[in-house]
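K.L.:
Chains Z, W and A supply the protein sequences, listed in that same order. First residue of the first sequence: 151, per this note's numbering; consecutive thereafter. First residue of the second sequence: 1079, per this note's numbering; consecutive thereafter. First residue of the third sequence: 57, per this note's numbering; consecutive thereafter.
The hints are simulated quantities; they were obtained by calculation from the structure and are not laboratory data. All values derive from a computational prediction rather than experimental measurement. It is possible that part of the hints are untrue.
Taking lysine-lysine and the DSSO-like style, the derived pairs with C-alpha atoms no more than 30 Å apart in a straight line are [as the list claims (entries may be wrong)]:
{"#": "1", "chain 1": "A", "residue 1": "K89", "chain 2": "W", "residue 2": "K1301"}
{"#": "2", "chain 1": "W", "residue 1": "K1301", "chain 2": "Z", "residue 2": "K313"}
{"#": "3", "chain 1": "Z", "residue 1": "K378", "chain 2": "Z", "residue 2": "K412"}
{"#": "4", "chain 1": "W", "residue 1": "K1146", "chain 2": "Z", "residue 2": "K273"}
{"#": "5", "chain 1": "Z", "residue 1": "K210", "chain 2": "A", "residue 2": "K89"}
{"#": "6", "chain 1": "Z", "residue 1": "K406", "chain 2": "Z", "residue 2": "K340"}
Here are some chain A residues the structure puts well away from chain Z; computed CB gaps all over 12 Å [unchecked claim]:
{"#": "7", "residue": "A71"}
{"#": "8", "residue": "A79"}
{"#": "9", "residue": "I92"}
{"#": "10", "residue": "W96"}
{"#": "11", "residue": "V97"}
{"#": "12", "residue": "Y121"}
{"#": "13", "residue": "L154"}
{"#": "14", "residue": "W185"}
{"#": "15", "residue": "Y266"}
{"#": "16", "residue": "L267"}
Cβ atoms here follow ideal geometry from the backbone N, Cα and C, with glycine treated the same way.
Okay, here's what each chain looks like letter by letter:
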Amino acid sequence: MAFVTLHNVTYQYPLTQSPALQEINLKINEGEFLAVVGPNGAGKSTLCYALAGFVPHFFKGELTGEITVDGKKSSEATLDEWVMNVGLAFQNPFNQISGAKFTVFEELAFGLENIGIPREEMKVRVEEAMALTGIRELADRSPYSLSGGQQQRVALTSILVMKPKLLVLDEPTSQMDPIGTREVFSVVRKMAEEGMTVVMVEHKVEWIANFADRVMALKDGRMVLEGKPNEVLTSDMLAENGFGISRYTSTAREAKKRGLWKKENLPVTLDEAVEGFAK
Amino acid sequence: MNLNRSFFVPVNSPLHNLNPLTKLALVFSMILPAFLSLPQLAPFLAIPILIAVFIGRVQKQYFNLLLKLVLPTILFMFVMQSLFLPGGETVILNLGIFDVTRESMQSAFYTVSRIFVMISSFAILLLTTHPSELMSDLTRRGLPGQFAYVIISTLQILPQMQAKAQTIIAAQRSRGLDTESSFRKRIGSLVPLVGPLVFGSLVEVEERAIAIEARGFTSKRVKTSLHEIPDPAFDKILRGILVILVIASFTLNLWLS
Amino acid sequence: MEVISQNAVYFAVVAVIMILLFAWAYFTKRIQKDFITMTWVLIPVAIAINLTIGQIVLVLKLPVYLDSIGTVLVGVICGPWAGALTGALSNIIAGIILDPGWFPWFPVAAAIGATAGVMANIGYFKNWWKVVVTGFVIAIVATVVGTPISIAIFGGISASGSSIITAFLLETGRSLVGAVLTTNFIAEPLDKIATSLLAFAIIDGLSARYLSRFPRGENAAVEKGQKQTQMIIALVVVVLLILFGIFILPSLTAG
C-alpha cells in the first residue's frame, strides 16, 4: 500500500468562490521523491498545506475526500499529532524563523524542545542536521542576521532535524544561488534514499529532471499530468498551458520542428540537450 | 531609540551565576519592602543595590543607565513633588502660590527613593541575566512556553520594527517633513509613516503561526530545554532567606505602626 | 500612610475580581479557544506596534501617547484575556528594553486590552461612532486603574507633563485622589479615542479572510453604512464627551 494517498481530495478556502484543489487522486510510495509543478495559483501551496495537515485544520474551510499518510487519516488526527510525521517548509524563509530563539543552534532545537526530545539527543540531532545541510558555521549567529538563502537553509534544517516521515517543501530554494540549490536537491535526494518520502514544489525544472523520481503537474487546482520527470516536463501540454519549462526543452522543440533535433524525446537539462544535438 | 536587544552584559560574576529565579527573588525582596514597608526604609535599600552592582561587575553600564534614564526622571519628579505636594509647616522656599516645605521635600525624597529602588533592582536583574536564560528557567518551573515565546519574540521583532521606523522617519525628514512643523502636518505625516509598517508586520503573522505549528508549538508533550540552568542548594537557601526577610520587614512595619 | 492602606484594599479587590473572572473563563474553556497559535504570534507583533508607534509619536511631538494601538487590536480580534496579556507584557517588555519606569503601569495597560475586548464582544467595535464610545470607556477604565498606581508608586505626581494639572488642582484645595483622578480624566479620553480609532482603521484595512483566522475575528466585522454620517456622529460624540470631562467631572470629584 502506498505511503501517502490522496483520494478525491477537493478543498475550498473559507470566504472564497471556487475550490483551490479539485478531485486530486494521488499515491506516493515510501522513499519516493515527488516534484510538483504548476503556474501561479494552480493550488501547489494548498496541496502542501493539505499534506501537512494545515488544510483544513488551520485554514478551516471544507475538505472532501481523504488524505492518508502512513495509514493515518488526516481528518481523524489533530494538527499537533499530524506534524509529528509530516514536516513542512515553505517559500518565505523570514517568516519561518520562530523568533523564540537568539541563535541558529537554538532555533534548530526549538522544534525538538516542543516535542520533548531529551537534551543530549537534541544536541546530537541538531549537529547532524547542520552537517547535512552545511550550516555548521552559522550555529552561533542570530537567525535574523542571515541572508535569504542562509535563512532558507535554516528553515529546511529546522524541519529535517525533526525527522518527519513525509517531508513537504514549498519552493525551498527560491532565494538560493545555483550552488545552494544543488546542495538542497542533493540533501533531499539523500533523505529520500534513506526512506523519507518527499513532496517538493519547485519551478527549477532542470533540477527536478536530475533529482526527482516523479513529477505531477497542477493547473487550476486539478492534476493535469503525472509521470516520469522527462515525460511530464517535456510534454507539449505544459508548454501550451503556461507552465515554466526548461529553455533546453523549448530550444529542442523549435529545433525538432525544423528537423534539427533527431531524438524522439525532448531534453530538460543541459547534458541531455548537448547529447541530443551531438547526434 | 534603543536598538539593543537587551541590557545584558556578558561578563562572569557571582551575580551572573545565580539562578535567574533567585535574582528575581532578590528584585522583589527589594521592591516589596520599599513600597509596602515604612517609607524611611527605601533610601537605605540603595546600599544593597550598590553592593549588587559591584558584585555583578556591571557598574559601568549601570551608572550609564542611571545617568541617562533614571536620574533625569527622578530629579524632575523630586522637583515637581517638592513644589506641588500640598501641606507642611516649615516653608523653605516660596514661589508665588507654591510653597516648598520641609515636609513636602521629605515626602518627595521617599517617593523618589522607592522609584530608584524599583528601577535599579530591575536594571541589575536585566544587566546580569540573559533574557533567554530567564525565560527557559521560568518555563522549566511551569510558566507556559508560550509566554517565553512572546517575550523573546518581541525582543527580536521590536528592534527590527524600530529600525524600519527610523528609516521611514529619516526618509520623511529628507522630504521636508519637520517635527517642528504644524500640528496638522504632523498628524498627516503619521499615517503614511505607520501604515506600511503595521500592515507589513501583521501579514507575516499567519505564515509564522504555520511555521511554528509545523515545529510542534502546540504539541501536548512535556517540553524539554536545550540549555541546562543550574539551581544549586545555595540558591534555594538564599531564596528561603529572602522570603523570611520580606516577611520580617512587613512584621516590623505592622509592629511599629 | 492612609492613602497607601486605601490602595492596598483597592488592589486586593481588583485582584479578587480578576482571579474570579479568570477562573470563570478558564473553566468555561473560552480562554483556551482564545489562545490559539495565531494569538500567540500576533501578541509580539502587537507589542512591537505599541512601542514603535509610541516612539514615533514622541518624535513627532503629538499631544497623545498612542502606545496601546496593538493592545486594543488584540483585545478586539483575540478577546479580552489576550488583550489584557498584550497590555501587561507590553509594559513589562518596555520596562526590559526601554525604561524600567514602565513596569508599574502594567495593570493599566492590561485593563485597556481587556476593556477593548469586552466592548468588542458586545458589538462596540463595528463602526466609527461605536469605536469612539469604546475609546471613551477605555479611558474611564484606564483612569480608574491608573489613579491608585499613580498615587501609590509616584505619590500622585510623576514626571509626565500632565502632572502640572494635578499640581494646580492640589493648590485649589482638592484631595490628592480627586486631583489625580481629574487629571487622568482630562488627559486620557483624547488619547484612548484616538488609539481606538487607529486600531479600527487598521482592522478596516485587513481582509476578512485574514481576520477570520483569529479567535474573535467576527468582532471586527465592520458594519456597512454611510461613513461620512458616522464620522459626524463620532465627532459630535467626542466633543460632548470632552465637554463632559471638563465641566462635570471636576465638580463631582471636588472636595
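K.L.:
Taking each numbered hint in turn, which are not upheld by the structure, reported in ascending numerical order?
P.N.:
The structure conflicts with hints 4, 6, 9, 10, 11, 15 and 16, although it agrees with all the remaining ones.
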